[in-house]
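Based on these hints, arrange chains B and C on the given structure of chain A.
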Amino acid sequence: MSDALVFVLAGAFATATPLFLAALGELICERSGVFNLSVEGMMSIGAVVAFITVTHTGSHALGMAAGMLAATALSTVFALLTLRLLANQVVSGLAVGLLGLGISAMVGMPYEGAVTTPIQRLHVPILADVPIVGPILFSQDAVVYMSVVLGASAAWFLRRTRAGLTLRVVGENPRSAHSLGLRPTRVRFLAVLFGGAMAGLAGAYASTVLTPLWSQGMIAGRGWIAVALVVFATWRPTRLMVGAYFFGAVSLLDLAVQAIGLGIPSQLMACVPYVSTIAILAIVSSDIARIRLNAPMSLGESYSPAA
Amino acid sequence: MRSKLILAAAALHLAAAPALSDPLKVGLLIPNAIAEVGWDHEIDRGGKALVQTFGDKIQLNSVTGVLEGPDATRVMNKMAADGSRMVILGGFGQMNDGLRLARKDPKLSLLHLGGYMNEPNFATLAIRHYEGSYLCGMAAGFATKSKQLGIVAAFPLPEVLNILNAWVLGAQSVNPELKPVKVVWLNSWFDPTKEKSAAESLVTQGSDVVYSLFPGTASTVSTAEQLGVYVTVTMSDASKFAPKKHLCAAQADFAPGFVRKVQQVLDGKFQGDDTFLGVKDASMAVAGLNKDLGEDHKKAILARQEEIRTGGFQPFQGPIMANDGSQAVAAGAALSDKEIKGMNFLVKGVDAKIPARK
Amino acid sequence: MIPLTVEVTRRKSPSRWGMVIVPLLTVVLAVASAAVMFSAYGASPGAVLFGFFVEPLSSAYNLGEVAIKAGPLILIAQGLAIGFRAKVWNVGAEGQLIVGAVAATVVPVYLPDSDSALLLPAMIVLAAAAGMLWAAIAALLRTRFNASEIIVTLMLTEIARQLLYYAVMGPLRDPGGFSFPQSVPFQDAALFPTFGETRANVSILICVAATVSAWIFVTRSFAGFRLLIGGVSPDAARYAGFSQTQAVWVSLLLGGAAAGLAGVGEIAGPLGKLQPILTPGYGYAAIIVAFLGALNPIAIVLAGLFMAVIYVGGDNALATGQIPASAPAVLQSLLLVYYLACAFFVNNDIRVGFVRRVGAQA
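Quick note, the sequences are listed as chains A, B and C, same order.
If you read the first sequence in numbering that gives the first Met the number 0, its first letter stands for residue 0, the second for the next number, and so on.
If you read the second sequence in numbering that gives the first Met the number 0, its first letter stands for residue 0, the second for the next number, and so on.
If you read the third sequence in numbering that gives the first Met the number 0, its first letter stands for residue 0, the second for the next number, and so on.
Chain A extracted, bound-state conformation (with noise of 0.2 Å):
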């Protein structure tokens, strides 16, 4: 039972880590007032792109730049249509995620199945040897401790700097910010670009460090999780790495109860996570006033300067 507990807790944070670095990549974009939907597709390329770099370089650092590259192009498109071209950022998200699908499916078609070498965890001496703590904390893979570093960076940045501040004004009107003589739209340009950034590592993670091969769809929804997330997290960084951890725990949690052999039917298992992600945004967002206090007010609305 304990060694199960083990498997769930220090599990949850290799699970979580995609999750969490996709949704702070969107988190950041929403917070500059751009809903994207199309993190799922952007993960799907950044896992492609850096599957085929491993694969041929060696280098998982190279694999997780060009990963990164690679749904950043991608998140250029979606930039391009919202910003530029004005679209509907919820249309233009969906479009865009399901042509990285499509891309990722085709481009990947001849390594399809094959695996590559993960990187290896970090043992933290001594403290890893630790019962339960430190498999838990201190026996992770590098990813996963910058995830950490990129989290609080991510909140500092948002609260305590400048540009920072500039990233919420935009998203909180774009045409007031306009007015104190900042740039909107290229500051929801960089958001976006940051976001798709993101989204590659995520997907980069996926296919080269948690599960170190290519597939067709082997995002697998995490994508969507991703957004949801953000909602979960009222636009809060520190709180997304508590909701992905909780996130990853609990799709865990499935397979560990199905390993001890509690006998309860697995479809329903199955359902945990969906049906939790649910309940908690319902109860997130039944709080209105705290919603509105955090929620980016101009999030889904286009901004166009000359308008």
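Simulated from the structure, these hints should not be mistaken for laboratory data.
One thing to keep in mind: the hints can contain errors.
[Unchecked claim] Below, in silico cross-link-like pairs of lysine to aspartate or glutamate (DMTMM-like), each with a Cα-Cα straight-line distance of 20 Å or less:
#1 47/B to 252/B
#2 56/B to 207/B
#3 146/B to 300/A
#4 178/B to 300/A
#5 347/B to 176/B
#6 144/B to 2/A
#7 103/B to 196/C
#8 144/B to 291/B
#9 103/B to 187/C
#10 103/B to 176/B
#11 337/B to 196/C
#12 239/B to 252/B
#13 239/B to 35/B
#14 279/B to 336/B
#15 86/C to 128/A
#16 337/B to 266/B
#17 106/B to 196/C
#18 243/B to 207/B
#19 47/B to 35/B
#20 146/B to 55/B
#21 144/B to 294/B
Below, chains B and C alone, put in the same frame as chain A:
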């Protein structure tokens, strides 16, 4: 490769006018993208064997990515319309569409993998994976130290159940002290990340041999290698993905079945029957046995394989108890092919449940 | 920097010219992209393009196939478009379709010997009701708890899928089918009659009825509604005189009903049974159709037909073995991307001028 084939066929077509020397057009529907191991890979290999065997007597058109939905029909019909006289359906879900086409076009011969319906021009082909699975189960029984085995499988389908049961019976036959075998159902046709986590959770619960049963990818196999536990696998030798820990594969080969049925079409004697091939027909064999297995263990496995080949042994020989306490196979009885194909129970010693028996 | 000034002003109403040119341009761009894509795969573009866009229209059988694909796409898109106009984002039609199909299957499974004429109508009603019920969960959570319907409908799709797996492996499984995960093949009374030699069936009438109702709904029934389409009043709260809450309910219920009906159209149509894989993503493709059709009931029909041609043509091209299976999906999403880009030129006046700059080079 494929375009070369088509070119060659086209040249032949121009050169030889008489209809008799026209190659037999054979269509092959492969449900998913072809990987280096697994179901789609083996079907593709079967197709290649056809080309090798029959040379320019046939013209093979294999199509990848024909999902088991309402669209498969269209691809089949298009193949028939383009002059295919035989179509091989690689996905279970293509059964009803194939049957409809068979009834509409009696001159067409269809071969369906894994189904259970027939027409005079609609045959089925299945492989006795359970035979190889029993042998891999023996390997697992020999290799385990913790006496705890674990299985990762997608859904509790009948074919999955007979393979799973055979594996457990094989393991129990050589290792009477086994703890109840744990099973994790993925409930997803395809999610390599979930596969990996499933394998990890089994290992956490003490399994030191895991079974990757009809995997979508090599995820479970390579996870086992990383975690340092042995792995057995269906369909293809996956040693490449676990050079150290690949214990045993139940290697399937569609070639003998494909060749037999294509030959029937060439001879004008196609039969809409059920072909169920196993070790005896060179369609199933253990492969990739780990060198860690002792010589006597290897010998025992291969001897059992030989017994299966000669008909001296059948994995589902009674008495077999189901894990709900009922008797599944009486002493002295053995399950028929039909009962094996429609299996709907788990044997005693499996720690899992399936939806109620009917 | 490019020495150009671009001045963009939002038009009060879309340019008439543009409404013709944009779809044409979109199609031209898509066909051109297809040609490039196919050449990259070493296929001869001419032959594949013919297979893709012309062959599907070449015979009664192929036309029937186009109708089979277009039916559910148009039906769902009509339902979704109502909500999209009010900015209610039901992106879970896939799940509503699945639930509709599962509910309708209960009838032939529990009445396998009945040949009553009421069988099919009962299935239709059940499917629509189940689709509505599934969407109603999202409506309730949105109106009562303010939960984003985008996320709720997406999650409900995953749950619907598990429900389907449970149904085909448990209570709705064919007991005579070797325990394979599918229902009994439906009796004739539970199937939509087909037209001639094609697979196209009477369920297409549901699609026609939905289109006509949507058209009436848009053009006749609500004066305020027309304003919305013109983009004058994008404020969802005043959606055709509805309150926000009513708009959410109406949108989701109609969208769910349409998707549920599409579900029964599949199982009582080309599939003839319930099986684990029901749809090649109609629920998502219908979103593309709705927007390609500019949320206009008539244009949605054209958009749905075009998308269906790509599906059918894609399968044809697949059967000749020259393009990868993912090509149609890439093409369909490109179509929407192009459309969204081109639509900019309908909705805006664009003036381009040169900037004189000292030292600027060409």
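Going down the list of hints, with the structure as the test:
no. : hint           : in the structure
1   : 47/B to 252/B  : 12 Å, holds
2   : 56/B to 207/B  : 49 Å, violated
3   : 146/B to 300/A : 60 Å, violated
4   : 178/B to 300/A : 60 Å, violated
5   : 347/B to 176/B : 13 Å, holds
6   : 144/B to 2/A   : 18 Å, holds
7   : 103/B to 196/C : 10 Å, holds
8   : 144/B to 291/B : 13 Å, holds
9   : 103/B to 187/C : 17 Å, holds
10  : 103/B to 176/B : 56 Å, violated
11  : 337/B to 196/C : 35 Å, violated
12  : 239/B to 252/B : 18 Å, holds
13  : 239/B to 35/B  : 9 Å, holds
14  : 279/B to 336/B : 15 Å, holds
15  : 86/C to 128/A  : 54 Å, violated
16  : 337/B to 266/B : 28 Å, violated
17  : 106/B to 196/C : 18 Å, holds
18  : 243/B to 207/B : 14 Å, holds
19  : 47/B to 35/B   : 14 Å, holds
20  : 146/B to 55/B  : 53 Å, violated
21  : 144/B to 294/B : 17 Å, holds
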